[in-house]
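Asker: Under this note's numbering, think of the first position of the sequence shown as 11, with each following residue one higher.
For the record, the hints were derived by calculation from the structure and aren't laboratory data. Since this is a predicted model, take the numbers as computed values, not measurements. Just so you know, nobody snuck in bad clues.
Here are the in silico distance ranges between beta carbons for each label pair:
(1) Gln53 - Asp192: 16 to 26 Å
(2) His191 - Asn131: 36 to 46 Å
(3) Gln100 - Arg162: 14 to 24 Å
(4) His181 - Thr110: 19 to 29 Å
(5) Asp176 - Gln71: 27 to 37 Å
(6) Gln71 - Arg144: 35 to 45 Å
(7) Asp192 - Ser129: 35 to 45 Å
(8) His126 - Arg39: 27 to 37 Å
(9) Glu40 - His73: 17 to 27 Å
Pairs of lysine to aspartate or glutamate, EDC-like flavour, derived with a Cα cap of 20 Å:
(10) Lys29 - Glu108
(11) Lys29 - Asp76
(12) Lys29 - Glu132
(13) Lys29 - Glu171
(14) Lys29 - Glu127
(15) Lys68 - Glu108
(16) Lys145 - Asp58
(17) Lys68 - Glu127
(18) Lys29 - Glu172
Glycine included, every Cβ here is placed at the ideal spot set by N, Cα and C.
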Amino acid sequence: MKAPASQPSLPRNLTMQQKRQIMVALFAREGHCFSQDRKNNRQFEHNDFLWSIIIRPKRPQGHDSDCFDIRHTSSEPVRRNQPKPKGQWQFRTITQYEPTKDHRLLGQLMIGKIPHEVSHNEIMELLKSIDHPRKDAEHHENGINWIRTAIRHLQMTGIGEEFDVDEFLDHARDRAMVASHDGRPFTINYTSRPM
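Given these sequences and hints, build the entire structure.
Answerer: Below, the structure written as structure tokens:
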């Protein structure tokens, strides 16, 4: 997947106070039975979960977050009020979203902060510019390819913290496995910045 043609220009000399948080959220797939997987000693994979980028205020108060993700519409029901074209990858943005009200939420990990000077549209255009996964004779991509690239693009802009993305994905998957068992969604600060 190619790098974005243009990236949000980020002003320097910004205070930490007004920055929104960039979260990577993991959700259970509708109808997926994690207890059956555990019973069969099946190893969990990244693709067993749905992944989204959530932009939220420092102290969320309800429907004040934005959700960005990509879904293959033939296999995954879309969230309420979203169109469902058949059999294609679709980039989605959901405004006024409250992830904690989604019964499938397993957890969220903060990967960076966004200054107020960077708009919702700049973030949306950055994430929208990422190539959709390809599945053909040569490529066997899925939503994990998209989330990995999204994190790297956010890192390239300087608003996502620098870390090894593959290690992060493994850590997030492992935490989601625990949350799927105990039923308690987690929130983790994966950065060196205060939450």
